[in-house]
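Participant: Residues per chain are reported as follows:
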Amino acid sequence: MAWISLIVAGLCETIGVIMINEFNKKRNWQSLSLLILGFGSSFLFLTFALSTLPMGTAYAIWTGIGATGGAVVGMIFYGESKDWKRITCIAIIISAVIGLKLISS
Amino acid sequence: MNKHWMKVFVGAFFEVLWVIGLKHSDGFLDWIGTIIAITISFYFLILAGKSLPVGTMYIVFVGLGTAGTVLSEIVIFNESFDLVKIALILLLLFGVIGLKILTKEDDQVEKGAVS
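One line per chain: the protein sequences are A and W, in this order. One gets this note's numbering by counting positions in the first sequence from 1 and adding 1 to each. One gets this note's numbering by counting positions in the second sequence from 1 and adding 37 to each.
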């Protein structure tokens with residue numbers, strides 16, 4: 002259950018990132034509430050996962066899914082650049098973040 | 038430094054504050070401060086998302102937030118200092134600077150995808 006909860010938390014974070022896009026396009030209450038709901042529920046699922054999983058691992062996977070998901074959705078659905086140099090930089094940042102979360106638990 | 042990226046950096050700065058807040062708050066005022074920091078940080082995140090590609094700037098936001106949190110844990114809360122942490126932070130900054138240079142800073146994100 003904790004692992005599923007952790008993955009759901011990561012996906013909710015991705016939804017939150019998508020809603021930043023939507024909110025900036027439409028400026029309506031639906032996207033703002035989904036934005037808050039996305040990040041809020043992401044946090045709740047993470048807290049639940051943290052009750053059994055080791056903190057460093059859980060944080061690393063959570064950020065990994067959320068940030069990668071946001072970038073991938075941005076490239077596929079929102080026309081963000083797929084330039085390999087940018088993807089390399091994104092991969093470097095995500096790896097460094099995962100590394101930092103793993104060792105500083 | 039471009040003003041749109043400035044918003045991401047301000048957002049990340051407040052992210053560091055609220056991450057510290059979540060970890061160390063032990064009173065009503067601490068929690069109020071933490072909630073205010075969360076609000077400000079997301080406000081700047083949304084603002085930056087108007088002019089920068091959201092996926093990219095979110096990664097920069099998360100990256101700088103993590104680096105800032107690890108550094109402040111070392112400086113303020115006497116967490117262990119080790120070279121691996123510093124190396125990872127430098128690697129992370131390298132990625133952030135790279136992304137900043139490579140990302141088109143115009144107001145229409147869609148146009149950036151064509152080039």
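A hint or two may mislead.
Chain A regions said to be covered by chain W (calculated; three or more residues, Cβ under 8 Å) [as the list claims (entries may be wrong)]:
1. 20 to 30
2. 45 to 51
3. 65 to 79
4. 83 to 89
If you're looking for bench data, these hints aren't it; they were derived computationally from the structure. Every residue gets a Cβ at the ideal spot worked out from N, C-alpha and C, and that includes glycine.
Participant: Hint by hint, note whether the structure agrees.
Facilitator: Here is how each hint holds up against the structure:
Proximity of the region 20 to 30 of chain A to chain W, defined as three or more residues with a beta carbon under 8 Å from a beta carbon of that chain, is established by the 4 residues found. For the region 45 to 51 of chain A, the stated coverage by chain W is violated: 0 residues have a C-beta nearer than 8 Å to a C-beta of that chain, whereas at least 3 were required. Counting residues of the region 65 to 79 of chain A whose C-beta lies closer than 8 Å to any C-beta of chain W gives 9; at least three are required, and the coverage claim holds. Beta-carbon proximity to chain W at under 8 Å applies to 5 residues in the region 83 to 89 of chain A; the threshold of 3 is reached and the given coverage holds.
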